[in-house]
Amino acid sequence: MLIADISETYTDLVTMIFSSTIAAKAWFATAAVVLALVQVTTAARIYGRLSFLPERGAATACVHRWSGRLAFLFTLPVFFHCVTILGFQTPDTRVAIHSLLGTFFYGVFAAKVLIVRDHSLPRWALPTAGLTLASMLVVLWVTSSLWYFTTVRFGF
Amino acid sequence: MGRGWRPILVGGAVVAGTFALAQAEIFAPSAPAGAAATGDIYRGETVYQRDCAGCHGAGGEGGVGPPLFETGLDAAEVAAAVQQGRGVMPAGIVSGQEQVDVVTYVVSLSSPSE
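Order-wise, the sequence lines are chains A and B.
Going from the first sequence to my numbering is simple: count from 1 and add 144.
Going from the second sequence to my numbering is simple: count from 1 and add 255.
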């Protein structure tokens, strides 16, 4: 398939639902950031924090895992558009911060996935990686979706 | 080297790969055939959503300003409107590369569907 066909097919697909590819990205990123907040909340509960929330044991772990998987899936179309179509840009501070953090995002994600599976690492490693990843996602959202919703338009 | 370095090494490799992909912009399309402008259609969309959609609509359907969707405008007409203004639209809303990019995007919006 020609490269032009891929980007056109992607555009046609997302504009079947959204007004533009940028609106689609803004909403996908919003879904990912909401799920990331679920991730942080459930992780805190698993680590014995936020004791005012009900203790659900296996259910909390299940919500944590699935919110993470879904959040990852929601970031993929954003990754496709930002990385393979728009590329690394630094025309202003907002875009520069977004480009830089976006470049590091999947690297931190990969490290976090490996840390989850490596039980020989210090106990602080996993929450540190998880919080770093969630914080990065929030800043990425602020420098893109929030900017779009507040300066361009709030809508699909 | 201990196993503790593995997440850092793999993460670093993923960062390097992402940066290389971003530099390559492998799916960035060139300007549509027949368009005089040679801008980046996706960057043009960002400019359009920021500076034009308020009047012409997010999808070019029109609003305060006239519709642009499938109106058959060519690059020269769009560039002239951006540079000189038209009606209540002020001249020079965007300039430089942003203008080239937004003209490319508007031409793609204006092209009739096949």
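Treat the hints with care, since some could be wrong.
[What the hints assert, rightly or not] One-sided and incomplete, this derived list gives chain B residues near chain A with beta-carbon spacing under 10 Å:
#, residue
1, Gly259
2, Val265
3, Ala268
4, Gly272
5, Phe274
6, Thr301
7, Tyr303
8, Gly317
9, Gly320
10, Pro321
11, Glu325
12, Leu328
13, Ala336
14, Gln339
15, Gly342
16, Ala346
[As the list claims (entries may be wrong)] What follows is a list of derived Cβ distance ranges for each label pair:
#, chain 1, residue 1, chain 2, residue 2, range
17, B, Asp329, A, Ser279, 27 to 33 Å
18, B, Ala279, A, Pro266, 34 to 40 Å
19, A, Phe298, B, Ala279, 31 to 37 Å
20, B, Ala335, A, Thr272, 26 to 32 Å
21, A, Ser279, B, Pro321, 27 to 33 Å
22, A, Val182, B, Gly272, 49 to 55 Å
23, A, Leu275, B, Ala331, 21 to 27 Å
24, A, Ile241, B, Gly342, 49 to 55 Å
25, A, Asp236, B, Gly267, 42 to 48 Å
[What the hints assert, rightly or not] Part of the chain A face toward chain B, derived, beta carbon under 10 Å:
#, residue
26, Glu199
27, Phe223
28, Pro235
29, Ser279
The hints are simulated quantities; they were obtained by calculation from the structure and are not laboratory data.
No residue lacks a Cβ here, since even glycine has one placed at the ideal position from N, Cα and C.
Going down the list of hints, with the structure as the test:
1. Because the smallest distance between the Cβ of Gly259 (chain B) and any Cβ of chain A comes to about 6 Å, under 10 Å, the interface hint for this residue holds.
2. Restraint check, Val265 (chain B) versus chain A: the minimum CB separation of about 5 Å is within 10 Å; hint holds.
3. This hint holds: Ala268 (chain B) has a C-beta 8 Å from the nearest C-beta of chain A, less than the 10 Å allowed.
4. For Gly272 (chain B), the shortest C-beta to C-beta distance to chain A is roughly 8 Å, which falls under 10 Å, so the interface hint holds.
5. Using the Cβ-Cβ criterion of 10 Å, the hint placing Phe274 (chain B) at the interface with chain A is satisfied: the shortest such distance is roughly 5 Å.
6. Taken as an interface hint, Thr301 (chain B) checks out: its beta carbon lies about 6 Å from the nearest beta carbon of chain A, inside 10 Å.
7. A least Cβ separation of about 8 Å between Tyr303 (chain B) and chain A falls short of the 10 Å threshold, and the interface hint therefore holds.
8. Taking 10 Å as the C-beta contact cut-off toward chain A, the hint placing Gly317 (chain B) at the interface is violated, the least distance being around 13 Å.
9. Annotation: interface hint on Gly320 (chain B) violated; nearest CB of chain A at approximately 15 Å, more than 10 Å.
10. A distance limit of 10 Å between C-beta atoms decides the matter here; for Pro321 (chain B) the minimum to chain A is near 18 Å, and the interface restraint is violated.
11. With a cut of 10 Å, the hint placing Glu325 (chain B) at the interface with chain A is violated, because the nearest CB-to-CB distance is about 13 Å.
12. Hint status for Leu328 (chain B) relative to chain A: violated, with the closest Cβ pair at about 18 Å, above 10 Å.
13. Nearest Cβ of chain A to the Cβ of Ala336 (chain B): about 20 Å, over the 10 Å cut. The hint is violated.
14. This hint is violated: Gln339 (chain B) has a C-beta 25 Å from the nearest C-beta of chain A, more than the 10 Å allowed.
15. Annotation: interface hint on Gly342 (chain B) violated; nearest CB of chain A at approximately 22 Å, more than 10 Å.
16. Annotation: interface hint on Ala346 (chain B) violated; nearest CB of chain A at approximately 22 Å, more than 10 Å.
17. Against the hinted window of 27 to 33 Å, the Cβ-Cβ separation of Asp329 (chain B) and Ser279 (chain A) comes to about 47 Å, which falls outside the hint.
18. The hint said 34 to 40 Å for the Cβ distance between Ala279 (chain B) and Pro266 (chain A), and at roughly 37 Å that hint holds.
19. In this structure, Phe298 (chain A) and Ala279 (chain B) meet the distance hint of 31 to 37 Å, their C-beta atoms being roughly 33 Å apart.
20. At roughly 56 Å, the beta-carbon separation of Ala335 (chain B) and Thr272 (chain A) lies outside the given 26 to 32 Å, and the hint is violated.
21. Checking the proposed 27 to 33 Å range against Ser279 (chain A) and Pro321 (chain B) shows it is violated: the Cβ atoms sit about 44 Å from each other.
22. Judged by the Cβ atoms, the range 49 to 55 Å given for Val182 (chain A) and Gly272 (chain B) is violated: they are separated by roughly 28 Å.
23. Here the CB-CB span from Leu275 (chain A) to Ala331 (chain B) is close to 53 Å, at odds with the stated 21 to 27 Å.
24. The beta-carbon spacing between Ile241 (chain A) and Gly342 (chain B), approximately 37 Å, falls outside the hinted interval of 49 to 55 Å.
25. Judged by the Cβ atoms, the range 42 to 48 Å given for Asp236 (chain A) and Gly267 (chain B) is violated: they are separated by roughly 27 Å.
26. For Glu199 (chain A), the interface hint is violated, the least distance from its beta-carbon to any beta-carbon of chain B being 29 Å, above 10 Å.
27. Using the Cβ-Cβ criterion of 10 Å, the hint placing Phe223 (chain A) at the interface with chain B is satisfied: the shortest such distance is roughly 8 Å.
28. The interface hint given for Pro235 (chain A) is met, as the beta carbon of that residue sits about 9 Å from the closest beta carbon of chain B, less than 10 Å.
29. Among the interface hints, the one on Ser279 (chain A) is violated; its C-beta lies about 15 Å from the nearest C-beta in chain B, farther than the 10 Å criterion.
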